[in-house]
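Just need the whole structure built from these sequences, with the hints factored in.
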Amino acid sequence: MFFKTNMFHKVLSIILSIAFVSTNSYAYPDKLRIPMAGNKTVIKGLERGKNLLNEYKDLRADYLAGTIETPTHPLDKMIRISDISSDPHIDITNLTKTERQVLIEKVVSYFRDLKARNGKIGIGIMLAGSASRMRIGNNLPSVLEQAQKEDPERFGRNIKELPDAKALLPAAKVNGRWMTFLDLYLINCEKMNNAFEKLGLGMPFVPAPLTNEEYQPDFIREIRRANKEGIHSVKPEDITFYYQRLGYRIAATAEDVAVNSNKFEFEKDGKMVFDQEAYKKAFKFAEKHGGEILTDVIAPEGHGEAAHAFFETAADMEKPLFADFMENNIEYYYTHNVDNMAFVDENWLLIFANMIDKDLNMVLAGSKKVKGPAGKGGGFTEFKGNARQMEDDVYKASAKKYNFDRESDEVLNNPKGDNPEANNDATLFIKFPDAFANAYDDERLKDKTKVLNLTEKDYSEIAAKGRRNFGLSPTYKFASREGEPYILTVTFETRLWEIQNGNTLGTARNLSVPDIDDGTSTDKKKVRFAPLKSKVDYDNISLQDSREAISNYIVNDNPLSEDFISAANARKFADAVPEAIKTRDIIGEPIDKEIAKKTDNKNKLASNAALIGNYLDDSVKGDNAAYSALKNLDKSELMQYFESNVNKTIEQLPEDLFGFGFGYDIRGNAMEVNGGEVNITPENFYAVGKLIGLAYARQGEKGLVTGDGRLHTPILRYCLALGAASEA
231 MFFKTNMFHK VLSIILSIAF VSTNSYAYPD KLRIPMAGNK TVIKGLERGK
281 NLLNEYKDLR ADYLAGTIET PTHPLDKMIR ISDISSDPHI DITNLTKTER
331 QVLIEKVVSY FRDLKARNGK IGIGIMLAGS ASRMRIGNNL PSVLEQAQKE
381 DPERFGRNIK ELPDAKALLP AAKVNGRWMT FLDLYLINCE KMNNAFEKLG
431 LGMPFVPAPL TNEEYQPDFI REIRRANKEG IHSVKPEDIT FYYQRLGYRI
481 AATAEDVAVN SNKFEFEKDG KMVFDQEAYK KAFKFAEKHG GEILTDVIAP
531 EGHGEAAHAF FETAADMEKP LFADFMENNI EYYYTHNVDN MAFVDENWLL
581 IFANMIDKDL NMVLAGSKKV KGPAGKGGGF TEFKGNARQM EDDVYKASAK
631 KYNFDRESDE VLNNPKGDNP EANNDATLFI KFPDAFANAY DDERLKDKTK
681 VLNLTEKDYS EIAAKGRRNF GLSPTYKFAS REGEPYILTV TFETRLWEIQ
731 NGNTLGTARN LSVPDIDDGT STDKKKVRFA PLKSKVDYDN ISLQDSREAI
781 SNYIVNDNPL SEDFISAANA RKFADAVPEA IKTRDIIGEP IDKEIAKKTD
831 NKNKLASNAA LIGNYLDDSV KGDNAAYSAL KNLDKSELMQ YFESNVNKTI
881 EQLPEDLFGF GFGYDIRGNA MEVNGGEVNI TPENFYAVGK LIGLAYARQG
931 EKGLVTGDGR LHTPILRYCL ALGAASEA
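Under the working numbering, think of the first position of the sequence shown as 231, with each following residue one higher.
Hints in this document: simulated from the structure, not taken from any laboratory. Small disclaimer: the values here were computed from a predicted structure and weren't measured. Fair warning: there could be bad hints in the mix.
Unchecked claim - List time: in silico EDC-like cross-link candidates among lysine to aspartate or glutamate, alpha-carbon distance up to 20 Å:
hint, residue 1, residue 2
1, Lys345, Glu714
2, Lys345, Glu557
3, Lys345, Glu452
4, Lys510, Glu495
5, Lys514, Glu557
6, Lys327, Glu576
7, Lys514, Asp317
8, Lys336, Asp677
9, Lys428, Asp805
10, Lys403, Glu452
11, Lys336, Glu792
12, Lys336, Glu557
13, Lys345, Asp468
14, Lys687, Asp677
15, Lys336, Glu714
16, Lys307, Asp292
Shown next, in the form of C-alpha cells:
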C-alpha cells in the first residue's frame, strides 16, 4: 500500500542547527522537527541544504539584476462562460437532466471498472500555505475572534498564537463544533469513500495532500485530535503525504517594499486601513538587508512546487510520490488550494466523467468572479484556440506586454453583460501519468517499469528541468523573526498551471458566490469557490456565508443524488446476474395465449394509475379478467405507470430476490404469508426485468420467461418481460 508517514517526529534542534550553519547548508529553525532515521537521513538533509543554498545564491543574483521576470503569454481573449459550454469544456451549472444522466452512467461504469482493476484516484489539497496574511494589523476578523474564544486550544488566544498553517484555521462552525479546512477535506474524502463502498464502487479516493516538513507534525496532531473527538476516522497512516520544498527567503529591497505597500493594508470597521508602523519597520529592514538570503527564515516556496514535489523525497519518504502513484495504480489526481472550498461531490463527478469521455489530460475548474478583494486573478484565456489559465500577476504582465485590454475584450465579447468570463478557481484534474509525461517531456514517466527503476538523481534532474522550463516568478510574502515581525521577503514560485503546456486541456465552469444571491439561499451550499486569501475575506459576509453553507453540506448532506444512487444500484444488480444468463434472450413478450382472453369493459377503465394499481393487485391474486385488461392495454401506458417510480423501486429492491447476488432464479413472496413479507410485486419484477435487459439484451432480440402454475405467475412474468423490453 502507500508509504506511511513517521508519526513521531523527534526534535533534533541545537546540534543539527549548528551542523547546518557550519556547512553553509539548510539552516532549519529549532522548531522544525526532523525525523531521527539514522545517519543517512542527516547526511541527505545536509546535502539537500547545501545544494539549496547554492541555488538561492544564484537566484539572489538574478533577482538583484532584475533578470527574473513574471512569465508572460500572448492573449487572444478572456474565455467566456459560453466558451466553456462547448467541446471539450463543460458548464455543469446548465446541464440538462439527460446530459447529467449520461455523464452519471459513464462515471459509474468507470468506477466499477476501476474497482475491478484495483485502481485509485488521488485526492490532493495544498496544505502548505501559511497564515501570514492574517497577521497584519492588530484586530482579528469576527470568525477568528469567535473561534479563539470558544476553542483557544486549537486556534490560539490572540493574533500571535494563530496556527502557522492556513489549513488549521477555522472554516466554519458545524453542529456546534468548529471545523478547520483540514477537517473538511478529510471528512469529504471519508464520506465519498463510504458512499461509493455502499454502492459497490469500492473505496477509490486516496487522500494525498501536499504539506511541508515544518507543518506536518501539527497536521498529524490535529488529525489525531479529530479522530478522538469523532469528527472523522481518517488516521495519519491512511494519508499519503508529500512535501512542498522548504526554501529560504530573500529580503525584499526597499523599492519592492514601496511597490508592494498595499500588502500593509487591513480592514477595520468596514474600512481599509494602512498599517503605517508595520510599513516603516519593513522599509527600514529592507534598506539595511535588502537582497540578503535570510538563512534563518525557512518557509514553503509556494504551491507551484506541487508539480516538482512529485519527483522529490523529503523527511521520511521512501520514494517519490510519482513512483508511489505508479506502483499503486493511481489513474487520476485532483488538487486545489485548501482555502478554496472546492470539494468532491456529484458535480465533481460530472466534470470527471466529461474528462474521461473526452480523454483529456488536464481539466481546470473555474467560476465567475467572486465579489471583494479575492478572485481578481487572470482567469482563463485563449491563445490560438487553446485554453490557458492565467494567475493574477501572470495576467497583468501578459496584458501589459501584449497590449491586451480587458475592458475592450469585455465590450466586444459581453455587450449585454450576460456572458461573464470564467475566473481562476485553482482546481486541477490531472490524468496520471500522461499529463506529467507530456509536461516534463519525458516518455519514461509513462512506463511503470522504467519509473520504478529511476534513481533519486534521475528524479532530481526531472524536477530541476521542470523548474527551468516552467519559469519562476517572484512572489512577495511576509516573514517574521524575533523583534522584526513584519519583514517583506521574496520567494520564487513555479507557475503550477504551466504544466498544462502540451496537454489536451479542458475547462469546467463551477458555481461561485456571484452565481447565487447574497441572502440566505440554500444554493450557497453548491458554491465551489469561496477563497480565504486575507483577513478581509473572513469578514466578507457573502464569502463566509458560503463557507458555512459548504461546510454544513460536506458534514451533513448526502454527496450523491437519487439519480446517481439509482444508476449505481442498477449497475450493481446487473453485475450480480451471473455469466450464464448471457446465453438467454430476455426481451420479448411471453407466450401466454391461454390466459390472454379479452375483457370488454375492464380494458377501457384501466386508463389511470389508480385503476392500473387495482388491476395489478387483482391479477396477483389470480383474477384473469383483471390480467386480461392489463394485457390489452397499450404496452406503453403500462410501462409509463412503472417508469414513473422506477428509480425508487430499483433503490429499494431486496437483494435476496437475486439470491444475494449468487443466482438468477428469482424467488420471494407475492402474497402475505406468516413470518414473511411481500417482496415480489409487479413493480419489483418490472425493475428486475429492466436491469437484466439493460445489462444483456440488444434491440430486436426475443426471449422466453418461464414460471410455474401459481395464480400470480402470469402477471409477474408479463411485468418482467415489459421491464426487459423498456428503454434505458
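Here is how each hint holds up against the structure:
1. Lys345 x Glu714: violated, 54 Å
2. Lys345 x Glu557: holds, 16 Å
3. Lys345 x Glu452: violated, 31 Å
4. Lys510 x Glu495: Holds. Lysine 510 to glutamate 495 sits at ~13 Å (cutoff 20 Å).
5. Lys514 x Glu557: Violated, because 52 Å separates the two Cα atoms, which is more than 20 Å.
6. Lys327 x Glu576: holds, 13 Å
7. Lys514 x Asp317: violated, 54 Å
8. Lys336 x Asp677: violated, 27 Å
9. Lys428 x Asp805: holds, 15 Å
10. Lys403 x Glu452: Holds, because 17 Å separates the two Cα atoms, which is no more than 20 Å.
11. Lys336 x Glu792: holds, 16 Å
12. Lys336 x Glu557: Violated, because 26 Å separates the two Cα atoms, which is more than 20 Å.
13. Lys345 x Asp468: holds, 18 Å
14. Lys687 x Asp677: holds, 18 Å
15. Lys336 x Glu714: violated, 56 Å
16. Lys307 x Asp292: violated, 32 Å
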